[in-house]
Amino acid sequence: QHPSGLRANPNIKRDDPSTWQDENWPSPGGGHGFVSPTDNYSVKQMWKNRQNPELVAAFQHILGQNDIRVSLDRWGILRPTQNIKFKDGTVRDKEEWKTAVSWLHWDQNPWSESHIRKVQGMVALTDHTYTSGGFCCVPKFHRQFQEWG
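If you're matching positions, the sequence shown starts at 594 in this note's numbering and goes up one per residue.
Hints were generated in silico from the structure; no laboratory data involved. Being a predicted model, the structure only gives us computed values, none of them experimental. Among the clues, some could well be false.
[What the hints assert, rightly or not] Simulated crosslink set (DSSO-like; lysine-lysine; CA at most 27 Å straight-line):
1) K680 <-> K606
2) K680 <-> K691
3) K733 <-> K711
4) K711 <-> K641
5) K606 <-> K641
6) K606 <-> K637
7) K606 <-> K687
8) K637 <-> K711
9) K691 <-> K678
10) K691 <-> K606
11) K606 <-> K678
[To be verified] Here are the computed distance ranges between Cβ atoms for each label pair:
12) K733 <-> Q675: 25 to 35 Å
13) R607 <-> Q675: 10 to 20 Å
14) P646 <-> T722: 18 to 28 Å
15) L718 <-> D609: 17 to 27 Å
16) P646 <-> E689: 32 to 42 Å
17) I661 <-> N617: 36 to 46 Å
18) V663 <-> V684: 38 to 48 Å
19) T722 <-> L648: 14 to 24 Å
20) E706 <-> R685: 39 to 49 Å
21) D660 <-> D686: 44 to 54 Å
22) Q739 <-> D609: 45 to 55 Å
23) Q653 <-> K678: 37 to 47 Å
24) Q739 <-> D608: 40 to 50 Å
25) Q737 <-> E688: 31 to 41 Å
Backbone N, C-alpha and C fix where the C-beta goes; we use that ideal spot for every residue, glycine too.
Hey, can you work out the whole structure from these sequences and the hints?
Set out below in structure tokens:
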């Protein structure tokens, strides 16, 4: 069975990368990997993930307070772009599945919200390494955010 976030198209098979083409992918043109939940189960799982005690403790530590607010919006689903093993046994790269280098996603507008303190997290459901991609961190940027905006 495919992840519930991909239920938008039953033609996508989790174990068959040949079905992961743009015409099947749930966000237009492959999108930026954002998919809105489509059923009650995925919403329930999103809440369960976001209320995990270890995850909550990490946010409490980062924010320096126990009283925090959890939001629920959408999944981020990105296709791998390198060393993809296809059913025929071949291993290929799919450069066209990469996110555009020029696309920088901010969840907080530095020009109109520089005074608001937000922290966003990403929970990877598979093992990731430094070279996996999907997230770029600028160390200590939070200390410059208000001046930069």
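In rising order, the numbers of the hints this structure does not comply with:
Result: no hint breaks.
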